[in-house]
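Heads up: the sequence shown begins at 1 in my numbering, then just goes up one per residue.
Quick caveat, the hints were computed from the structure, so don't treat them as lab data. A hint or two may mislead.
Said to hold, decoys possible - Lysine-lysine pairs mimicking DSS-like chemistry, simulated, CA-CA at most 27 Å apart: (1) K83 with K31; (2) K3 with K42; (3) K127 with K83.
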Amino acid sequence: MNKFMLNETSYHGAGAITAVVDEIKARGFAKAFVATDPDLIKFGVAAKVTDLLDAAAIPYAVFSDIKPNPTIENVQSGVAAFKAAEADCIVAIGGGSSMDTAKAIGIIITNPEFADVRSLEGVAPTKNPCVPIIAVPTTAGTAAEVTINYVITDVEKKRKFVCVDAHDIPVVAVVDPDMMASMPASLTAATGMDALTHAIEGYITKGAWALSDMFHIEAIRIIAASLRGAVANTPEGREGMALGQYVAGMGFSNVGLGVDHSMAHTLSAYYDMPHGKACATLLPAVMAYNAEATGEKYREIARAMGVEGVDSMTQAEYRAAAVEAVRQLAEDVGIVTSLKGIAREEDVHQMSVDAYNDACRPGNPRETSVEDIEALYRSLM
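Full structure from sequences and hints, please.
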């Protein structure tokens, strides 16, 4: 039996953020807790939403103690701030960091027995849906607005842990490409490649099935056609990536990911490497490693990436073509697929152990080992 979960309501397209006010009023919320990051406040991105709240006379409190790789401490301070604000809903504005922090805060508020943030790791047996979240993404990558996952960094133990909880899914997603237009090219590239990693890993993961395959292959096609334009900040590219990353999220949230994400989580924990950049850096090498366990799926990946003539290729040829198409896209948007100067040799073994123990690793299509992961890290150093 397969189970499939999506958020309750989603809005898409330029100008969709006006729906934030409509939803708050329709659901009878009295006060919003706006969770966002300092840069989005500094550059006026969050104000695109809070100005709407002001105009509608909707009370709100702003919480911005959120780091790019959100920590246990960020969550704890957010829980305290939410209680002090006496709010009844969360408006999460930002990328995966804001969304993940909002999810953890919302879960702990309604499930106080999980106040120890570490207790949320894995599939925590929470009983109650989190505080209602209206999610407004400002990056086209994580799809946290439609997923049941979030990731928190344990600074003390130098690790990131994945939380999977059907109770954390936002009730409303507002996917407005205008909210993403101010992203710098480097962030657009990194988050876009993260979305592509979601789509590819979700397509080949052990849990994949017909419904998730439908979402993932379409997400690959949209992202491959849109990411270069999004990096160049074209309206068409932004619109395409806003949709493509959401479609990828609809799939992988329900079937899982693989060792690329496990290794990326570890890189972020050790070196504070942005998650999207970590995923993108690893993707071609991990794809090549997994190829033998993917049947004919790389042919469809190559086709979705825009490779011509795949039906006349041998299995080895279309697998190589799929990997090369992904590597070329990464190069075209400025992603360097190397860990030289980033990863340290003395860290590799423990990083590999941590990656092996990560919640995403069991979904990898090829059975792996600590030694295999070590070899993958070293191949990029």
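Taking the hints in turn, this is what the structure says about them:
The suggested pairing of K83 with K31 holds, with an alpha-carbon distance near 12 Å, which does not exceed 27 Å. For the hint linking K3 to K42, the alpha-carbon distance of about 41 Å lies beyond 27 Å, and the restraint is violated. Between the alpha carbons of K127 and K83 the distance comes to roughly 20 Å, so the proposed pair stays at or under 27 Å and holds.
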